[in-house]
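K.L.:
From just these sequences and the hints, can you work out the full model?
2 protein chains.
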Amino acid sequence: MRIALIVEYEGADFSGSQFQLNTRTVQGELETAAATIFGEKSGRISLASRTDSGVHAFGQVASLDVETRLSNEEMRHAMNGNLPSDLCVKLVKLVPANFDPRRNAVAREYRYAINDGPTHSPIRRRREYYVNRRLDVTAMADAARNFTGVHDFASFAASTAHPVSTVRHVESATVTRDTEDRIAFDIRANAFVRQQIRRMVAALIAVGNGSKNEDWIVSLINHPRRDSASQNAPPHGLTLMRVEYPTDLSLTLNPVVA
Amino acid sequence: MRIALIVEYEGADFSGSQFQLNTRTVQGELETAAATIFGEKSGRISLASRTDSGVHAFGQVASLDVETRLSNEEMRHAMNGNLPSDLCVKLVKLVPANFDPRRNAVAREYRYAINDGPTHSPIRRRREYYVNRRLDVTAMADAARNFTGVHDFASFAASTAHPVSTVRHVESATVTRDTEDRIAFDIRANAFVRQQIRRMVAALIAVGNGSKNEDWIVSLINHPRRDSASQNAPPHGLTLMRVEYPTDLSLTLNPVVA
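So the protein sequences, as listed, match chains H and X. Counted from 1, the first sequence has number 30 at position 30 by our numbering; the numbering is strictly sequential. To convert, take the position in the second sequence, counting from 1, and add 258; that gives our numbering.
Hints should not be assumed to be uniformly reliable.
Which residues of chain H face chain X? A few of them, derived with a C-beta cut under 7 Å, are [what the hints assert, rightly or not]:
1) Glu-8
2) Tyr-9
3) Glu-10
4) Leu-87
5) Cys-88
6) Thr-119
7) Ile-123
8) His-236
Rough simulated footprint, nothing fancy, chain H against chain X, three-plus residues with beta-carbon under 8 Å [stated by the list, open to error]:
9) 262-272
10) 333-346
11) 379-392
Think of the hints as simulated: they come from the structure by calculation, not from any bench. Every residue, glycine too, gets a C-beta built ideally from N, C-alpha and C.
P.N.:
Listed below in structure tokens is the structure:
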């Protein structure tokens, strides 16, 4: 039978989500735990979204085929008993045998946190990018609005990326001042080009500090050209908040702000 | 001249706030940075509240005597350039020469965070205590209300503590469900007995899980006896949010929830 897992992790000590030999990854840790519980025959784990090294997740979704008599709760408990403290399974659910966490996802929601206060925050430093100047949130919010809709986001894709389509549907993109010294960029799309969000954030910061303007963002979207938005905000500000599925699968957990 | 500093730190890697030889402390790191900037003659740093090893602070207050021509902003910048990433100075302010951060404080506010969800949170794990069962927040809130007022809190003091008065004035003590799986205990008092808050939290958790009731809390308060509330919740759930001074000193920063 196939199960889906909702997974939370702190990205700092992972070399990203996808399995790599001799490196600590989210997929690797999950597969090691699953093999301990379900035996070596337990298959590979699939993940809904690839997250880069350093990127966090409150609601990553994974799937796995298992043969077991354990209940969903017992599976969750057993997995967490075999996982390190920076990774845990929040929910286990039976899904149809053809469930694919990546292909069946209808939307992904990410949040990027920026600290633009007078100093960095020791307590929050692992999850927000500290920029050493005050940013114009209104200008950033206005610029971010242009990301919404169906666009070719090639400008926000690395030049080395595979020559696949870079057209995506961004449903919403908002910039808000979350607390006195923290700005949140929230974006929801059907899917993302690799590094798209971190490049969008770097571009928005350039708008927020006055070195670029909204017209530049518009031209990046209207004239898609690989790598034209080449700056990349650091990964630790980024968190995958949740992945959404058709309602009959109801696989979401509410994101909980940390 | 005397300056006051508002200081933020993540407590995990400090052996508490107060200076100790050959151990990493908040006071020690601040004094080392100050000596680099202001010279070896810069005096000792005083702190408003003692925090135990592992306890965090958004708004600890310190004071120091310096001879310098640097502006407040330059002092802050210079301090932060000489401090590790888990400690920073958020504000520098000139204060009267007789300012004493501990004696002049009129109130301290602390928050203790408890996760009572089905699993721990990898992302939030450094700042909340994970209890492995659902707690009754209403019962905890009702019990916590008894802490308010002027009471002898000896029951929440270690038996080994110095034989000084354990009478304190708790201005407010509230328990609220902050998010679906997180409970916040917020307490404000003129001052606290050592470990008072962590012992209160352990007592409230006993109420929340049904092993004790509100009457027991009332009897701990009405019959003060050293160490009767001997359980101690772990330090990493506790954060010193702010220290308040008479308005003419206006030394507060708004607490920012991480």
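K.L.:
None of the hints should be skipped; say for each whether it holds.
P.N.:
Hints and how they fare:
1. At about 5 Å, the closest approach between the beta carbon of H/Glu-8 and any beta carbon in chain X falls short of 7 Å, and the interface hint on this residue holds.
2. This hint holds: H/Tyr-9 has a C-beta 5 Å from the nearest C-beta of chain X, less than the 7 Å allowed.
3. Annotation: interface hint on H/Glu-10 holds; nearest CB of chain X at approximately 5 Å, less than 7 Å.
4. Hint on H/Leu-87 holds. Least Cβ distance to chain X is approximately 6 Å, under the 7 Å limit.
5. Hint status for H/Cys-88 relative to chain X: holds, with the closest Cβ pair at about 5 Å, below 7 Å.
6. Annotation: interface hint on H/Thr-119 holds; nearest CB of chain X at approximately 5 Å, less than 7 Å.
7. Annotation: interface hint on H/Ile-123 holds; nearest CB of chain X at approximately 5 Å, less than 7 Å.
8. Because the smallest distance between the Cβ of H/His-236 and any Cβ of chain X comes to about 11 Å, over 7 Å, the interface hint for this residue is violated.
9. Only when three residues or more bring their CB closer than 8 Å to a CB of chain H does the claim for the region 262-272 of chain X stand; here the count is 3, and the claim holds.
10. Given a C-beta distance limit of less than 8 Å, the hint that chain H covers the region 333-346 of chain X holds, as 6 residues qualify and 3 suffice.
11. Here's how the region 379-392 of chain X fares: 6 of its residues keep a CB closer than 8 Å to some CB of chain H, so the rule of at least three is met and the hint holds.
Checked against the numbered hints listed earlier, the structure breaks hint 8 alone; every other hint is satisfied.
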